[in-house]
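Asker: Single-letter residue listing:
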Amino acid sequence: MLTTHKDASVMGIIFPNTYDNLVPQLVAERAMAAIPFAGRYRLIDFMLSSMTNAGIGNISLLTRKNYHSLMEHLGSGREWDLARKHGGLNIVPPFAERTVTKIYAGRMEALASILRFLEAQKEKYVLMTDCFQALNMDFKALIHEHMESGADVTAVYQVADIPDGAKNGNYTLNMDETGRVTEILNNDYRTGKQNLCMNIYMMERERLISMIKESSVRGQRFFEREMLVPNLHILNVRGYRYDGYVARIADLKSFYDENMRLLQDDNIDQLFDKNRPIYTKTRDDNPTRYVEGAKVSNSMIADGCIIQGTVENSILFRGVHVEKGAVVRNCVLMQDTVVEVNANVEYLVTDKDVLISAGKKLSGSDTFPVYVAEAHTV
Amino acid sequence: MSKEMVAMILAGGQGSRLYALTQKTAKPAVSFGGKYRIIDFPISNCVNSNIDTVGICTQYQPLQLNEYIGNGQPWDLDRLYGGVHVLPPYQKANGSDWYKGTANAIYQNIAFIERYKPEYVIILSGDQICKQDYADFLQFHKEKNAEFSVAVMEVPWEEASRFGLMVTDDTDAITEFQEKPKNPKSNLASMGIYIFNWDILKKYLEEDEADPNSENDFGNNIIPNLLSDKRRMYAYRFDGYWKDVGTIGSLWEANMEVLDPEHSGMNLFDENWTIYSRNPGLPAHMAGKKSCIDNSLITNGCEINGTVKHSVLSAGVVVEEGAVVLDAVIMSGTVIKSGAVVQRCIIADNCVVEENAAVGAAEGEIAHTAAGVTIGRSAAVKAGAKVYDDVKEGEEVC
Chain C
1 MLTTHKDASV MGIIFPNTYD NLVPQLVAER AMAAIPFAGR YRLIDFMLSS MTNAGIGNIS
61 LLTRKNYHSL MEHLGSGREW DLARKHGGLN IVPPFAERTV TKIYAGRMEA LASILRFLEA
121 QKEKYVLMTD CFQALNMDFK ALIHEHMESG ADVTAVYQVA DIPDGAKNGN YTLNMDETGR
181 VTEILNNDYR TGKQNLCMNI YMMERERLIS MIKESSVRGQ RFFEREMLVP NLHILNVRGY
241 RYDGYVARIA DLKSFYDENM RLLQDDNIDQ LFDKNRPIYT KTRDDNPTRY VEGAKVSNSM
301 IADGCIIQGT VENSILFRGV HVEKGAVVRN CVLMQDTVVE VNANVEYLVT DKDVLISAGK
361 KLSGSDTFPV YVAEAHTV
Chain H
1 MSKEMVAMIL AGGQGSRLYA LTQKTAKPAV SFGGKYRIID FPISNCVNSN IDTVGICTQY
61 QPLQLNEYIG NGQPWDLDRL YGGVHVLPPY QKANGSDWYK GTANAIYQNI AFIERYKPEY
121 VIILSGDQIC KQDYADFLQF HKEKNAEFSV AVMEVPWEEA SRFGLMVTDD TDAITEFQEK
181 PKNPKSNLAS MGIYIFNWDI LKKYLEEDEA DPNSENDFGN NIIPNLLSDK RRMYAYRFDG
241 YWKDVGTIGS LWEANMEVLD PEHSGMNLFD ENWTIYSRNP GLPAHMAGKK SCIDNSLITN
301 GCEINGTVKH SVLSAGVVVE EGAVVLDAVI MSGTVIKSGA VVQRCIIADN CVVEENAAVG
361 AAEGEIAHTA AGVTIGRSAA VKAGAKVYDD VKEGEEVC
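Listed in order, the protein sequences are those of chains C and H.
Letter by letter, the first sequence follows residues 1 to 378 of our numbering.
Letter by letter, the second sequence follows residues 1 to 398 of our numbering.
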C-alpha cells in the first residue's frame, strides 16, 4: 500500500475553529468542528474518519476556543482508531507562554505553538485542514497525486457556487493549464461556478516548519494570504479538484439545507461510502421505536428516538422524542429534543435538549428556519 | 489484589433448537432486539452490577462471538485487571478435553478464577434475555450467609413440571430440588443463575470431576450433591422479565415483547439499566417517502421504503418499496425486495428476499432462515419452515 511506504507517511493537522463566526448560533457553546450533522455525527467525524481511513494515525487538533464539547466528543480518540501508542490524537488548546501571550488570530500563529512538536514528528508530509465541511474524501488519492505532481503545496478545491454565507470567508483559485495556482483570491463574491478552495492543503512537514519560522520572524499570521499568495511565483502550489460530495456549513441556513439535502436521492450513499466508514462516538442508544400510530416519511432518524406522532421531511438526531399527536415537518431536531403531545413544528432547527411543550406551534419558513438554542424550552 | 465476585457465563452450547440460526454461530452471538446480541444481556447486567471480571466459556462456533466480544470495550470491560475474557477449552500438559458439561466448563477454568482470588462466583447463562441486578442477588446471598444461592422465578403451577424446581422453607432455604417432576412441590423455577462461595464451588467441582459417573452438570450433579451434604442453600426470588430464548418460537416472542415494553416488562429504553452492544457504525436510518412504519424497532443504517409493522429490524436492513414486513425479526444487512411479503418469521443476517417471495404466514409456527441465504423470486417459505440454504425461484419450502 502506498501509505505504508516510508516516504508516503502523513500526519494530520486540523483547525476546528475556523469560520466559527459564520454560525454564531451553533458555535455559542461549541467549536465549528463539533457541530452536529446528519443525525448522529459531528463535523469532525468526517475529517477524522477520512484521515484514519487513509492510514493517517497522527492527528493534531489546534483548538482556539469553546473546545470542551469537542474534547468530550473525542475522548481518547478510540472510536476513530486514534488511541494509539505512536501518534494518535493530539488536542492542543491555546497555551500562554513567553512568546505567545494571547490567543492566536491566524493559522501560522497557531502552528507556531506546536513548532517543537512538529519538528519532533517523523512523517514526511502534513495534511492540514479546517473543519467546516462534511465530506468523505479519499485522502489516499490526494496523497498519491501530491507525490506524483511534485508540488510544493497541493490545495484541494471544488468547482461550486460560492455559498451566500461564505462570501466573507472563502478563497478561490486561478490556475494555469498545468494546474499550477497562479492566483488566490480572498472573499470572492462572484456568482457562478468558481474554483472554491476547500482549505485542505498538503505539503512536506519540513516545508511547513520553515514557513512557520519565516512567518514568526516577519510577524505574519495567515497561511493563505501571507505564506501562499506572495510566493506563488516561487512556490509550486497546485490545485487538486475534488468532485465528491461536500456539505459546506457556511451559516445557519446552509446547516439546515445541508442536513435536508441528505434526504435527496442517493446523497446519503455518497457521503457514507461503505468502503470508508464514518466513525463517531457511541452513545449506546436502543434502536428507534415507532409506536403504534406513528406516521413517518422521507426522514433520516438516528437510534434512540421514540416516535408516536407525525414526522415528515426531517432529520432526527439521537434520542429525539415525538409524542402523540405532535407534528414535525421539515425540521432538523438535534439530540434529545422532545416534541410534546400535539405540538406542531415546521422549519425548525433545535439544538440539543430542547423541549417543545405540549400543544405549542412554531414555524419558520424554507428560506428562514427558526433556531432554538440548546436546552431551551418553548 | 482480589475481586469480590467473578462472573462466569456459560456460552458453549450449540443451541440446536435454534436450528438454522446457529449453524455457523453460537447461540449467545445471535441478534436480539435490533442492535443487541443475546450475550449483551448477561454482560451488561454484570457491568451494571459492578462486576468487572467476566469469563465467557465458549466452545461451539466461537468465531463470531470472539470477534464480537473483542477486548470488551463496548461494555467498558477493557480493564487493566479483570475485564472480559473468552475462555475456550485448551490443551493441558495431561491432555485436553471439550467442556463435558456446565460444571466441567467451570472446572476447566479454575485457574482463571483463582487469578482473581474471589470470595464469590456467579454462574450465568448465555442464552437468556433478562435485566437483573446481580449486586442485589449477592446482597441476598450474604445476608442469608449462604454457601449457594440460586435465582428463581415463580411460574404458573400448571407449567411447573417443565422446570427445575426449588422447594424452600419460609426462610427461602432450599430443602429439596426437583428436576422436571410430575408432581411439583414448588413453583419456584431455577433460572440457571447461581452464586457460590468460591471455596465451596471449587471443592464440589473437584469432587464432581473425580466422580466418573457424573454428567458434570450443575443441575444434575452439583446441586444435588450440595443438598445431600446439607449445605446452606437459598433461593433468591426474581420477578422481572426473564426469557430463555432457546427456541425459534421463544426468540421470536421475546423480540415481539420488546415492542411492547409497557406490558411485557422488557424495556430497552431504561436509562438506569443500559444494555451495551458493539456498534456497527452505520449512519442514521432512512424512512423513505413511501415508507409506512408502525409499532416497530428500526436500527441505524436501515433504509425503509416499504411497509413495516410490528417488527424488529437490525442495522442496515433494506425494505424496498412495495415490500411488506409483518410481525417479523429481520437481522442485520438483509434486503427485502419489492413485492416480497415477510411475516411471523426470523430472517438471519445478510439474506436477500427476492421480488414477490413470501416468507412465513399469518398463523402457525415461526419460519426462519440461516444467515446469508437468498430466497428466490416468487418463492414461498411456509410457516414453521427452516431454511438452511438458498431457495430457488418459485420453489416452495415447508
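There could be a bad hint or two in this list.
[Unchecked claim] Derived DSS-like pairs (lysine-lysine); straight-line CA-CA distance at most 30 angstroms:
hint : chain 1 : residue 1 : chain 2 : residue 2
1    : H       : K309      : C       : K295
2    : H       : K180      : C       : K274
3    : H       : K386      : C       : K360
4    : C       : K281      : H       : K386
5    : H       : K182      : H       : K142
6    : C       : K324      : C       : K274
7    : H       : K3        : H       : K182
8    : H       : K290      : C       : K295
9    : C       : K274      : H       : K3
10   : H       : K131      : C       : K361
11   : C       : K324      : H       : K309
12   : H       : K392      : C       : K324
13   : H       : K142      : C       : K274
14   : H       : K182      : C       : K352
15   : H       : K243      : C       : K274
16   : C       : K281      : C       : K122
17   : C       : K324      : H       : K24
18   : H       : K289      : C       : K360
19   : H       : K243      : H       : K386
20   : C       : K193      : C       : K295
21   : H       : K131      : C       : K274
[What the hints assert, rightly or not] Simulated DEER-style distance windows between Cβ atoms:
hint : chain 1 : residue 1 : chain 2 : residue 2 : range
22   : C       : E292      : H       : N71       : 51 to 59 angstroms
23   : C       : D273      : H       : K289      : 22 to 30 angstroms
24   : H       : E395      : C       : H86       : 49 to 57 angstroms
25   : H       : G70       : C       : D273      : 53 to 61 angstroms
26   : C       : E292      : H       : R17       : 28 to 36 angstroms
27   : H       : R237      : C       : G75       : 57 to 65 angstroms
28   : C       : V159      : H       : E253      : 34 to 42 angstroms
[What the hints assert, rightly or not] Listed next, the stretches of chain C that the computed footprint assigns to chain H, with coverage defined by at least 3 CB atoms under 8 angstroms from CB atoms of chain H:
hint : stretch
29   : 11 to 17
30   : 217 to 231
31   : 242 to 251
32   : 330 to 337
The set of hints was computed from the structure by calculation and includes no laboratory data.
Treat the numbers as computed from the prediction; the structure is a model and nothing was measured.
Where a beta carbon is used, it is the ideal one built from N, C-alpha and C, also for glycine.
Asker: Check the hint pairing C:K274 with H:K3 against an upper bound of 30 angstroms on the C-alpha distance.
Answerer: It is violated: about 43 angstroms lies between the C-alpha atoms, which goes past 30 angstroms.
Asker: Should the hint that H:G70 and C:D273 are 53 to 61 angstroms apart at their CB atoms be regarded as holding?
Answerer: violated (24 angstroms)
Asker: Hinted pair, alpha-carbon criterion (30 angstroms max): H:K180, C:K274. Please report holds or violated.
Answerer: Measuring from Cα to Cα gives roughly 51 angstroms; hence the hint is violated.
Asker: Do three or more residues of the stretch 330 to 337 of chain C come closer than 8 angstroms to chain H, measuring C-beta to C-beta?
Answerer: violated (count 0)
Asker: Given the hint of 34 to 42 angstroms, check if C:V159 and H:E253 actually sit that far apart at their C-beta atoms.
Answerer: violated (56 angstroms)
Asker: For H:K386 and C:K360, compute the direct alpha-carbon distance and say whether it is at most 30 angstroms.
Answerer: violated (51 angstroms)
Asker: Would the pair C:K324 and H:K24 pass a check requiring their Cα atoms to be no farther apart than 30 angstroms?
Answerer: Violated. C:K324 to H:K24 sits at ~43 angstroms, over the 30 angstroms cutoff.
Asker: Taking 8 angstroms as the C-beta cutoff, is the stated coverage of the stretch 242 to 251 of chain C by chain H satisfied by three or more residues?
Answerer: violated (count 0)
Asker: Would the hint linking H:K289 and C:K360 be met if the CA-CA limit is 30 angstroms?
Answerer: holds (26 angstroms)
Asker: CA of C:K193 to CA of C:K295, is that 30 angstroms or under?
Answerer: Violated - the C-alpha atoms of C:K295 and C:K193 are around 40 angstroms apart, more than 30 angstroms.
Asker: Mind checking the alpha carbons of H:K243 and C:K274 for me, to see if they're no more than 30 angstroms apart?
Answerer: violated (36 angstroms)
Asker: Given the hint of 49 to 57 angstroms, is the C-beta distance from H:E395 to C:H86 inside that range or not?
Answerer: Holds - the Cβ-Cβ distance for H:E395 and C:H86, about 55 angstroms, lies within 49 to 57 angstroms.
In summary, the numbered hints that this structure violates are 2, 3, 4, 5, 6, 7, 9, 10, 12, 13, 14, 15, 17, 20, 21, 22, 25, 27, 28, 29, 30, 31, 32.
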